[in-house]
Amino acid sequence: MTKDLEEELDEDEEYITLEFNDGTAVDCFIIGIFDLEDKEYIALAPDDGTDDVYIYGYQDNNDETFELLDLDEEEFNAAVAEFDKIMEDQE
Numbered sequence: 001m002t003k004d005l006e007e008e009l010d011e012d013e014e015y016i017t018l019e020f021n022d023g024t025a026v027d028c029f030i031i032g033i034f035d036l037e038d039k040e041y042i043a044l045a046p047d048d049g050t051d052d053v054y055i056y057g058y059q060d061n062n063d064e065t066f067e068l069l070d071l072d073e074e075e076f077n078a079a080v081a082e083f084d085k086i087m088e089d090q091e
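Residues in the sequence shown are numbered from 1 upward in steps of one, following my numbering.
Hints should not be assumed to be uniformly reliable.
[Unchecked claim] Using C-beta positions, here's what the derived DEER-type ranges look like:
#1 29 with 64: 14 to 22 Å
#2 23 with 69: 18 to 26 Å
#3 59 with 21: 18 to 26 Å
#4 25 with 51: 16 to 24 Å
#5 76 with 30: 16 to 24 Å
Honestly, the hints are just simulated from the structure, not real lab data. Note that the Cβ used here is the ideal one computed from N, Cα and C, for glycine as well.
Whole structure, please, built from the sequences with the hints as guidance.
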């Protein structure tokens, strides 16, 4: 699931649009940004009525833009486990 990596984030909005290589676009609610082992990750929920959650690496470019980074399987699994732990702690 490759997407355009550079996205602009409007500080007043909690949604971003992911644009995939196949031309589809998905509006996503930003659930939150979290840290794991000195890296940042972002959790996104598509605004399509499903319970899906997208997790990507997150890099703030300090110029009002950020990048979403693809994760390898090991890093993805670790980020998902951390996200699940955070969500359980908030319940």
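Evaluation of the provided hints:
1. 29 with 64: 14 to 22 Å: holds, 20 Å
2. 23 with 69: 18 to 26 Å: holds, 21 Å
3. 59 with 21: 18 to 26 Å: Hint holds: Cβ distance 20 Å, inside 18 to 26 Å.
4. 25 with 51: 16 to 24 Å: Taking Cβ atoms as reference, residue 25 and residue 51 lie about 20 Å apart, which means the hint holds.
5. 76 with 30: 16 to 24 Å: holds, 18 Å
No hint from the list above goes unmet by this structure.
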